[in-house]
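Q: Chain order of the listed sequences is A and B. When we follow the numbering used here, the leftmost residue of the first sequence carries the number 25, and every step to the right adds one. When we follow the numbering used here, the leftmost residue of the second sequence carries the number 12, and every step to the right adds one.
Worth flagging that the hints you see were computed from the coordinates, not collected in a lab.
Calculated lysine-lysine pairs in the DSSO-like style (CA-CA distance at most 27 Å, straight line): (1) A/K346 x B/K239; (2) A/K283 x A/K346; (3) A/K374 x A/K412; (4) A/K284 x B/K190; (5) A/K334 x A/K323; (6) A/K87 x B/K175; (7) B/K120 x A/K39; (8) B/K448 x B/K482.
Chain A side only, calculated, beta carbon under 10 Å to chain B, not exhaustive: (9) Y63; (10) G72; (11) E121; (12) T198; (13) R202; (14) R278; (15) S279; (16) D389; (17) T392; (18) N417.
Here are the computed distance ranges between Cβ atoms for each label pair: (19) B/R149 x A/L236: 31 to 41 Å; (20) A/L115 x B/T52: 25 to 35 Å; (21) A/K412 x B/K302: 29 to 39 Å; (22) B/K264 x A/L115: 32 to 42 Å; (23) A/Q345 x B/T52: 54 to 64 Å.
By construction, the Cβ of each residue, glycine as well, lies at the ideal position given by its N, Cα and C atoms.
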Amino acid sequence: MSLYSEEEAKKILEKVVRFSKADGCEVNLTGAEGGNIRYARNSVSTAGENSDAILVVQSYFGKKAGTATINEFDDASLEKVVRRSEELAQLAPENPEFMEPLPPQSYGESRTFSEATAKINPDFRAQAAANSIRLAKEKEVTSAGFLEDSNTVAAMMNSKGLFAYNRATNVTYTVTMRTNDGTGSGWVTRDFNDVSKLDTSEASKVAIDKALQSKNAKAIEPGKYTVILEPAASAELLRNMLFNMNARPADEGRSFLSKKGGGTRLGDKLFDERINFYTDPWHKEVPAAPWTPDGQARKKMDIIRNGVVKNIFYDRYWASQKNVESVPFPGNAILDGGTASIEDMIRDTKKGILVTRFWYIRTVDPQTLLYTGLTRDGTFYIENGKIKHPIKNFRFNESPVIMLNNVETLGRQVRVSAGGGGVNFFLPYMKIRDFTFTSLSDAV
Amino acid sequence: MKRRDFIYLTGLGATAAMLPGIPVMGHDIHPERALEKVDTTTKKRMADVALNAARSKGATYTDVRIGRYLNQYVITREDKVENIVNTESYGMGIRVIANGGWGFAATDKTDNDSIAKAADLAVAIAKENSRLLTEPVRLAPQKGYGEVAWKAPIEKNAFEVPIKEKVDLLLSVNDAAMKGGANFINSYLFMVNEQKYFASTDGSYIDQDVHRIWPTFFITKIDATSGKFETRNALSAPMGMGYEYLYARPQDKIQGITTLYKNRYDMLEDAKAAAGQATEKLTAKSVEPGKYDLILDPSHLWLTIHESTGHPTELDRVLGYEANFAGTSFLTLDKWESKKFNYGSKLVNIFADKTQVGSLGAVGYDDEGVKCGQWDIIKDGVLVNYQATRDQAHIVGLNASQGCCYADNWSSVQFQRMPNISLMAGKEKKSIDDLIKGVEKGIYIIGDGSFSIDQQRYNFQFGGQLYYEIKNGKIAGMLKDVAYQSNTQEFWNSCVGIADESDYRLGGSFFDGKGQPMQTSSVSHGSSTARFNGVNVINTARKLG
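Please construct the entire structure, taking both the sequences and the accompanying hints into account.
A: Next up, the structure:
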């Protein structure tokens, strides 16, 4: 049993806080149930379920803090973990950046839980995989996919009386379809809180179509091209940009948001004026937990508005140093789009490249947020409003900051997981001019 | 199945992005508890309970891994300790074959009932999975070794060194860097001890004690007037060693344009040098793009070997098992079968070796009880072999596994992971200076930097830490904004010189990711300094508005 109700969680946490003999403590309780299924070569390779609960206690004496964890919840164990965290706090060196826990906060209601996802069982996963494998066999392609679901509870309490509780579910599915001759490959990603929105057959068909259409790709010269980026392609670049929008490195002079001569570029117009990038924990497509792991309330907030940097993220310590309100790191990010469909965007393109996804993105220069990576699993040449033919994959060297200045069209939005980091995105299809491809790859 | 609790270390400041997601597996413990051991009699008893329970439920093969995984991480910046992490993860994973299919279950409860229940579950899963099989699992034969043990030949167990000593070392390193002109430094000590016990129905009971250590730092130097900054990371290597890696010795230093390190690392000296070099980088010449002859130091070349030789010769990638995540491989079976696929120039000999002393991948036996050894991957430039596990050996005509099975935790399913893969040193006597002497227009690259490669391992781009221009056989000054792009086969065919054995050094990856759900592993790559002709170099400088 790991999914405690709000009442049960509160009871456990109150007990833990009562055991504390330190100056104060903060306790986080998380419980998770979930499972996964993986398949390759049109056959299931691994499948599993897991269940766990963990209690993390941080005790502090002055500015000395220690953390201990436990996965047993009887009274003796709870007292033991509190004592252990206190012992470790006494051993720890003083941390001048330690911040005392917050007093009680008020949070908005959460939208992160779905009953349907909580009910996923091994049969459901096996069927989801079987549907995909069947379609692959019918079309004589080879499937490899992974479905992972989770059902989690997070609760926290501290010695100042703060209490927070949230339930969340998530399902992520990816599938790669490769033609049996190895010359075509397609891929799809889907991510939802509510599994009733997931159809692995529909997703698999998209991947199969891409695989078949990408067969026998032609090489074209690297250079600067107009690109239409599917949301799965731009997500990781935007995630990387978001993770580099912390105030502290900007103030320290080692960020793309550092100002020449000192300070940050908060308030500067760094992007095309159509760029509106914001967070909203109650967004119906990408809901996020209404509180952060340290108990701060999340709120709807602009990050970029009309191309101007409106908010950068201050942790509580850095905010105290700069005499500003802390700005917690968001749990989701939304980039405003438009009404154009992908078909409309292709129709309006004289010469360009459609990119399904990017792969192996790594920082080249943190100063300009220059990244390198490659296209993968479906890259197509567009001419006079039509997809002309598949093309060989390219390596790019590009910065999301430059990319968001070279916007031609923002289309319809799609939810996409950006591969870790705990932030989900709702992003538009984007047409970008002068995107820099620097070399060709033979990879399929 | 018990879930591992991954605690990702976040909020470590600007340079955290330079590290991969650092998994800390396990529960926090008092540092002294790391020195306690579980005795082998208890582990053998637990293993026998699992082996018998699985057999009685119909398993035709069972292996059991009882693992105690200890991590200690010390994390500092400038004059502050940011975090000290001590974790332990202890439990048992049971893998079985029943009805020709694999099944796996794990438990952290060590009483007989819980073990038997986990064994039952593993058999039930195997039977369920067998219904979806296209062909039954074929295991290469493996003899039982009886009760045996292997211990990493370390001199000083890092977990015995008081935390205060480690904190003092990092803070003195930080102080030296700051006094040397650095604006910021983040420094880290990562220490791992895997206490692994393996038992199988083949009759093996194997007890192993594995140690790894990685001291590293990131330095930043800022030019306030121009608003520019430069970084320089440590030139250390993660090693399969104890704390002795940090006891510097003159015989392990290679003097040159900067000091390079063999089997011992002088962290203080490197930090001082790094502070000066980060400053020098600010005013260094921005590279002119074009073709250059590259002289690559082992502190850099290890990553190119890892990405362009290590990963594409993983047999599970070649077969398509990683198609949905890491990708497949351009080194398809037909290329191996032809026995003449020209991977590199005749000088290129690349070998797998799980026995290399001090390497990250060194163990006596892998995680399916196979005694480890060494074998050729690329011989005189030709692809001759892959990396295989017991259920893959038959695919490449082997009658025994090459011992490439690894799981990152007792609760993870073991699968094919990369052994140490290294470039053999040149046979002729040749130094770094000899290599540089022959270059008219080139760049000498030290340290690993940005890295990216496609999903079949053809096209790659690498950066480094230090770049020196070579003009007419001499170093002509520092460069910046350098990255090279090439194609694996083209690159290795452009290898025209490799320094001799006296220059041979290890580099490696402490947190190499693979699989879904992702597992990490640690692996070393050795080489001597090598020369590659006519490689395409790009300039990475950009301007933001």
